[in-house]
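Visitor: Chain by chain, the residues:
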Amino acid sequence: MKKVLILFVVLSLFLTGCWDKREINELAFVQGIGMDIDKDKMCNITVQVLKPANLATSSGGGGGGAAAGKPYEVYSSRGVDFAKAFSNFNTELSRTLFLQHNEIIFIGENLARSGIYSMLDFVTRNPEFRRTSYLVVVSGGTIDDLMKLSKSVEKYPYREILGMIQNQKNTSSAYVCDINHFVETLETEEVQPIVGRLEIVKKDGKPQHARFVGAAAFKYDKMVGLLTEQETKGIMWMDNLIKNTSLVVDKGPKGDKTHISFTIIKANSSITPKVNGEDVSFDVKINFDSNMIEENSKYNLTDLKMIKGLEDLQQEKVKSEVLDALNAVQKKYKVDSVGFGQKLQEKYPKVWAKLKDRWDEIYPNVKVNVSVKATLKRSGLTSKPIEPR
Amino acid sequence: MFLLGLFNKLFKNKNNGNGESKDVESPKVKEDIEENIKYIKDMLKDSDDIIYREFWVGEEFQHKLELVFVDGLVDKGIINEHVMHSLMLDSRQAKPSIDEIKKNIYEVIKKAAITGGDIKEIDDLDKCITSILSGDTALFLDGHPKVVIISSKGWQMRSVAPPETEMVVRGAREGFTETLRVNTALVRRWIRDPKFKIKQMQIGKRSKTDIALLYIDDIVNKDLLSLIQERLKQIDIDCILESGYIEQLIEEDWHSPFPQMLNTERPDKVAASVLEGRIAILIDNSPFALIIPTTLATLFQSPEDYFERWMISSLLRILRFTAAIIALVGPSIYIAFTSYHPGMIPTKLALYIASTRQGVPFPAFMEALIMEATFELLREAGIRLPVPIGQTIGIVGGLIIGQAAVMAGIVSPLMVIVVAVTAVSSFSIPSYSAAIAFRLLRFAFMILAAVLGLYGIMLGFILMLTHLVVLKSFGLPYLSPFVEINLSDLADTIIRAPLMVFKKKTTYT
Numbered sequence: 001m002k003k004v005l006i007l008f009v010v011l012s013l014f015l016t017g018c019w020d021k022r023e024i025n026e027l028a029f030v031q032g033i034g035m036d037i038d039k040d041k042m043c044n045i046t047v048q049v050l051k052p053a054n055l056a057t058s059s060g061g062g063g064g065g066a067a068a069g070k071p072y073e074v075y076s077s078r079g080v081d082f083a084k085a086f087s088n089f090n091t092e093l094s095r096t097l098f099l100q101h102n103e104i105i106f107i108g109e110n111l112a113r114s115g116i117y118s119m120l121d122f123v124t125r126n127p128e129f130r131r132t133s134y135l136v137v138v139s140g141g142t143i144d145d146l147m148k149l150s151k152s153v154e155k156y157p158y159r160e161i162l163g164m165i166q167n168q169k170n171t172s173s174a175y176v177c178d179i180n181h182f183v184e185t186l187e188t189e190e191v192q193p194i195v196g197r198l199e200i201v202k203k204d205g206k207p208q209h210a211r212f213v214g215a216a217a218f219k220y221d222k223m224v225g226l227l228t229e230q231e232t233k234g235i236m237w238m239d240n241l242i243k244n245t246s247l248v249v250d251k252g253p254k255g256d257k258t259h260i261s262f263t264i265i266k267a268n269s270s271i272t273p274k275v276n277g278e279d280v281s282f283d284v285k286i287n288f289d290s291n292m293i294e295e296n297s298k299y300n301l302t303d304l305k306m307i308k309g310l311e312d313l314q315q316e317k318v319k320s321e322v323l324d325a326l327n328a329v330q331k332k333y334k335v336d337s338v339g340f341g342q343k344l345q346e347k348y349p350k351v352w353a354k355l356k357d358r359w360d361e362i363y364p365n366v367k368v369n370v371s372v373k374a375t376l377k378r379s380g381l382t383s384k385p386i387e388p389r
Numbered sequence: 390m391f392l393l394g395l396f397n398k399l400f401k402n403k404n405n406g407n408g409e410s411k412d413v414e415s416p417k418v419k420e421d422i423e424e425n426i427k428y429i430k431d432m433l434k435d436s437d438d439i440i441y442r443e444f445w446v447g448e449e450f451q452h453k454l455e456l457v458f459v460d461g462l463v464d465k466g467i468i469n470e471h472v473m474h475s476l477m478l479d480s481r482q483a484k485p486s487i488d489e490i491k492k493n494i495y496e497v498i499k500k501a502a503i504t505g506g507d508i509k510e511i512d513d514l515d516k517c518i519t520s521i522l523s524g525d526t527a528l529f530l531d532g533h534p535k536v537v538i539i540s541s542k543g544w545q546m547r548s549v550a551p552p553e554t555e556m557v558v559r560g561a562r563e564g565f566t567e568t569l570r571v572n573t574a575l576v577r578r579w580i581r582d583p584k585f586k587i588k589q590m591q592i593g594k595r596s597k598t599d600i601a602l603l604y605i606d607d608i609v610n611k612d613l614l615s616l617i618q619e620r621l622k623q624i625d626i627d628c629i630l631e632s633g634y635i636e637q638l639i640e641e642d643w644h645s646p647f648p649q650m651l652n653t654e655r656p657d658k659v660a661a662s663v664l665e666g667r668i669a670i671l672i673d674n675s676p677f678a679l680i681i682p683t684t685l686a687t688l689f690q691s692p693e694d695y696f697e698r699w700m701i702s703s704l705l706r707i708l709r710f711t712a713a714i715i716a717l718v719g720p721s722i723y724i725a726f727t728s729y730h731p732g733m734i735p736t737k738l739a740l741y742i743a744s745t746r747q748g749v750p751f752p753a754f755m756e757a758l759i760m761e762a763t764f765e766l767l768r769e770a771g772i773r774l775p776v777p778i779g780q781t782i783g784i785v786g787g788l789i790i791g792q793a794a795v796m797a798g799i800v801s802p803l804m805v806i807v808v809a810v811t812a813v814s815s816f817s818i819p820s821y822s823a824a825i826a827f828r829l830l831r832f833a834f835m836i837l838a839a840v841l842g843l844y845g846i847m848l849g850f851i852l853m854l855t856h857l858v859v860l861k862s863f864g865l866p867y868l869s870p871f872v873e874i875n876l877s878d879l880a881d882t883i884i885r886a887p888l889m890v891f892k893k894k895t896t897y898t
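Going down the list, the sequences are from chains W and S. Counting along the first sequence from 1, when you hit position 209 you're at 209 in our numbering, and nothing is skipped either side. Counting along the second sequence from 1, when you hit position 118 you're at 507 in our numbering, and nothing is skipped either side.
There's no promise every hint is true.
Here are the simulated lysine-lysine pairs, PhoX-like style, with alpha carbons at most 25 Å apart [as the list claims (entries may be wrong)]:
(1) Lys70(W) to Lys737(S)
(2) Lys148(W) to Lys737(S)
(3) Lys254(W) to Lys334(W)
(4) Lys21(W) to Lys84(W)
In case anyone wonders, no lab produced these hints; they're calculated from the structure.
Just chain W, same shape as in the assembly:
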């Protein structure tokens, strides 16, 4: 009896296994997948597939050879929906597409404007897509342009863009959003999602390189407009997302025309809703510390008045960024990307319950008071500027 049982267990091991087995060298590694929609409402998918053999470094084994060509290939496919388009790849690829290492999903501007719900459903339903993949809206060109960028430090454009996104925490010049975050905000009624934006820079009509800059404001799953770098920064100031960025003011403390650069070393912000009857307003408070990294007007920073003046300039600059952002999202696009509604709901749930249905009308006219407090911490290695005689 026991022996039969053992036999059964051993056999069952061999009978059920292997169904999802895929050898690593038989996969088509997708690094960068772009999705768009064309004029006929057909869904387009573009993938960048790596050719690992061409990636191997000089002495690598395999069949590398001396003249390694381009390490990637771009494939496109069309279908009535994204799943169909995706399965259509099988007709032209020798290997199965492998998406688990893909960390960026590019969204074409057309798709973004017409709503990305269908794409989101396909992506979140398929277990191969990483839920931490970055969502990026491509502006200034098509996805095909993006896939064929010529200027690159890395071996293939995807790496370049991934590097840009990860590098972003040093510059805070663009908004980073992954699938998880997008779905989360989409399911929260008090906030509207924002997605990072990749801008293709063209030279003589040919795509040269891409800049990861600014953002795209969404109302639910539809893009309503693009935000500039300045506006994005304003939103990030309010969202408390600024960690380490540079700040340039374009006049001196004495009103003279010059440029002074600072780096932000620490920043935090808070949004406090205020309710007065039916009247709702918000206080935005931003505090930050900064270091001075460049100035060319030879200010003497041993003077306390001068430091105060520089701090005032920074406050003014940040405030203008925030007001720009508010102008864009509140007045121009009328979407609550910052989440004022959420703040109100957290603090005054009853008021929110009353205003919820009319929030779209109320929001564009809500008053937002912005106050900024800057502290200049250090001025680099120089306290007295170099004085040529």
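Please arrange chain S on chain W, whose structure you already have, making use of the hints.
Guide: Chain S alone, transformed into the frame defined by chain W:
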């Protein structure tokens, strides 16, 4: 227990065929010396290495004596100097009264003439033969129904040398030899406690191998002691060639790949174990002592852990446990990741693996199997080869197979690394028996990984742990002290706490 039964059956049948039976009472020593010698000569017929030396003692040569011993097993110096010389020459100078000598020549010879240190007298001829065959000298005296057995063991033996399988940087360099008496002495030198017991018995119907149980009377668990003695008595086998025989014949679970007894060549390890309340079994003709009971944690201990400072020892312990896991699942993790879960490998590494595996014609499992099998071959061949040629195998293995296999595109470079790391890991487990258990299970894990991926590996782990939890070594859970939570017992497991902590330690770990 099935196998043990089989053994018993086999050996019993053999014995019946020879028509030998235990029930026949062995003959007593007779008064007539000729009869005794005849019996022995009968029994030891056709054994040309037995020497019968007849000689006369007394002023008128009136006493007939005969020595019987095995040439080569005895120290002839002892016989010449302390037996024959004493009896034939020195005793003439003694001047006891003639009457007394006549009356009691046997007592005189025994107590006043033989200058050898260790003698005893017996009256059983079969026991006498056993003694002769184990290297003692029998002295027969005409007219007296007793034999004097003079301990004269002195054969060519290997001298005490460093234990080759268990080297340490710091610590005693002595290892056991093949002679039981030398080995017991080596342990005795570590423990001068009167309660330290060395209890001997003989096992093996034909080999009559001496084995010794070493324990400290007031620390040892009496139930354990009687259990071991019981099991040893039940052994019914012709010959004990190595301690491995004893190990396999008295172990609890013969299904298990894990050693349920620790074997060691180091007297200090035996002494330390005995002091912890364990029982050691020493076997004549084997330089390996068995230590009972054994837990999984003890297999990872090296004597050196206690000689160096606790911090580095703890680090080394952690290293060894990690090494065991690598030795167990190294190749199977590679198989699972490359065949089932390429998404779990960091992107750049995944791409590298994909690029190096580009031309490899086999799936990862076959690749791993080829390399592991090659490595096992190299290891096996390395043991067989004589030392001067042994180095060649290193060159063949390392350079030709490692490098050439990669160049030829049969395996990927990463696979070679995996196999190498796995091999090095398996060598860092102090107990060779434990290391080979992990080596064996590695192949099972590889198959599981090839069939079910990481899920299979986890399944394997669960099966292995279930087995380990159930397994007992002579009543002691194999996984103790991990199975019962007692913080002070954990002090000597994955870490080696400072020695002060051990003062309160009561159980074996």
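Visitor: Hint compliance check: list the failing hint numbers for this structure, sorted ascending.
Guide: Those not satisfied come down to hint 3.
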